[in-house]
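2 protein chains.
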Amino acid sequence: MATIKDVARDAGVSVGTVSNVINGAKVGDEKRALVENSIRKLDYRVSGWARGLKTQRTDCVLIILPSLENPFFTMLLSALEKKLYACKKQIFLCISDGDKEKEAKFIELAVENKIDGIIGITYSNIEEYLTEPIVFVSLDRHLQAFFPIPVVASDNRLGGRTAAEVLHRGGCHKLLCLLTISSRNTEVRKRKTGFEEYCQENDIFYNSIEISENQIKSIYSSFESRKLIHDILLAYMNSDFGDGCIDGIFASTDHLGIVICEELRKMGKRVPEDVQVIGFDGLKLINQGDVLISSIEQPVELLAETAVDSLLKLLNHEEVPDVTNLPIRFVDGGTTKTRYSDV
Amino acid sequence: MATIKDVARDAGVSVGTVSNVINGAKVGDEKRALVENSIRKLDYRVSGWARGLKTQRTDCVLIILPSLENPFFTMLLSALEKKLYACKKQIFLCISDGDKEKEAKFIELAVENKIDGIIGITYSNIEEYLTEPIVFVSLDRHLQAFFPIPVVASDNRLGGRTAAEVLHRGGCHKLLCLLTISSRNTEVRKRKTGFEEYCQENDIFYNSIEISENQIKSIYSSFESRKLIHDILLAYMNSDFGDGCIDGIFASTDHLGIVICEELRKMGKRVPEDVQVIGFDGLKLINQGDVLISSIEQPVELLAETAVDSLLKLLNHEEVPDVTNLPIRFVDGGTTKTRYSDV
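Chains as they are written, first to last, in the numbering used here: chain A, -8 to 334; chain B, -8 to 334.
Simulated from the structure, these hints should not be mistaken for lab results.
There's no promise every hint is true.
As the list claims (entries may be wrong) - Derived EDC-like pairs: lysine to aspartate or glutamate, alpha-carbon spacing no greater than 20 Å straight-line:
hint, chain 1, residue 1, chain 2, residue 2
1, A, K79, B, D88
2, B, K79, A, E253
3, B, K74, B, E103
4, A, K79, B, E103
5, B, K93, B, E119
6, A, K73, B, D50
To be verified - Here are some of the chain A residues that sit facing chain B, going by a computed Cβ distance under 8 Å:
hint, residue
7, E72
8, F83
9, D222
All C-beta atoms, glycine included, are put in the ideal place defined by N, C-alpha and C.
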């Protein structure tokens, strides 16, 4: 493959002149023609990274996601990839698996390699690694750095409110809110806030339980996680709160909601006849089919679009809101009794 | 941020000397100490890409996948990312959506940017873009280039045989094989070969139908695709082949198999009582739970591991087999009557 030196030699100009032609700097018409001719003749290809070293822009974006096992993250990645490709940007991918060191390494590489920016969902304490300013758009999580990091998220508070409303309108009187929440400052926490707000405003009995995300790393496959959920449900299902048992459950994710439905059925409870269950995310069977349980659907495409738009604005030194909350909606997956039209 | 020029100025040496220190070339002890001192002092960070321009190795691998909607591809990506990270390689991601131009652009960029290599599943006719040799490991698909491109795939032939065997041992007498197959030369085609072989050897009645992948781009969401599957099933279910109807169906993917189960149930057929159905891939509910239908499970982790190992071997100029076929296994998802122990 021809190098920039070959082009310079062939055109009879300096490497600097070739570089100037490539990077659109001012060059005399005659010399430009000579260089362009040699570039064509030698089939010289400009390395995008070589260009990046010069222009300080590589058109690469680092995407950090916690895992690809959760289809919500997959759908988000798919949407981000489409949107970024439309903006002629390529993706560097980091699946952190909650590994802070891994995230730190990728962020370091991103800074070193002059990547345009980062769009990420991270629940690690990575702030200490953000020692140099970089364009960073965070999904869900608030990050404290010495430069601003805007947050894009669903309207989690309204989502929590809507979940409570769906259960309430479906005839539930005793609600339980089960959340798996990171100890970090995330927007996800607002799901609980919204849920509790609605219950308080409408004088509905409720209990909330927060389970640390570490405790239930893999709800589905881990025996311990299942047992914990099972035991919590058993305790609540066998308790009478004055005038009845828990008859409506809000799970902070569909993952958790599905496990709850399975465990309830194992206990002989019918869903939604005896207990109604609503999750959060709006996951579908193999990402295309029916929703798996009644849920608060996150606007995945819009989340991706807004994150990319924010990134582009930051790159253009335009202003971006600190937090953007995007509309959610109720989707009926048969585990609640409420109809769409009721909400 | 400090540049290589700042380091050179501070150390009182030429940029070339700094570059030699960075790239491990021979430099006198005194000068090396000066440079290393300045690098520390100025907190100069070597750009990996700058290093790549010099060493012709960037430790980046391009992953090409057709989509992320199919969980099989997602699980594969997840496994590839883990394995590559363990080898200190980063991922550039291209989700092609069957867009040949997009794949071509990414391959071109990979060559230009001196990416280490490509691991990809592609069903496009991209051979014409492979004009320069690049380390390329293909999953499933045979690519014709002027340089060798090894193929890593599941043992699709044994998979097809096993699917026929599962239906046969479950008591089926009239088999139907429904395949969605790309017109390209892929290993996937062997699913049919293996299925038909088993039927012929055991004197079992069978019919095979191939549906072009273009016709059923999105089986789940497209009305036309559904209708096509529905009509084919209706035609077969209402036909008597001498001594009975079709009682066992092999679908070339779980996606297709799930749609077939749904359509059969809509027609009033019970699965597996009236008709047994087996798919291919081994998809699980939200990637962690139960398998969705009886299936031939692909060894996703092993596929990823073998693809990465092949890539590393090619980079070391070691030999790699033209085709590697990896073991599959039957997983019982309740849509067949055969037990594990029978196969």
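Does E103 of chain B sit within 20 Å of K79 of chain A, going by the straight-line distance between their CA atoms? holds (16 Å)
With a cut-off of 20 Å on the C-alpha distance, tell me whether K79 of chain A and D88 of chain B pass. holds (16 Å)
Decide if the proposed pair is consistent with the structure: K74 of chain B and E103 of chain B, CA atoms, cutoff 20 Å inclusive. violated (25 Å)
Please work out if K73 of chain A and D50 of chain B have their alpha carbons no farther apart than 20 Å. Measuring from Cα to Cα gives roughly 24 Å; hence the hint is violated.
Chain B contact restraint for D222 of chain A - C-beta distance below 8 Å: D222 of chain A check fails; min Cβ-Cβ to chain B is 20 Å, beyond 8 Å.
Taking the least C-beta to C-beta distance, is F83 of chain A closer than 8 Å to chain B? holds (6 Å)
With the threshold set at 20 Å, check whether the alpha-carbon distance from K79 of chain B to E253 of chain A stays at or below it. violated (40 Å)
The hint names E72 of chain A as touching chain B; please verify it with the least Cβ-Cβ distance against 8 Å. holds (5 Å)
Is the Cα-Cα distance between K93 of chain B and E119 of chain B 20 Å or less? holds (14 Å)
Of the numbered hints listed earlier, those contradicted by the structure are 2, 3, 6 and 9.
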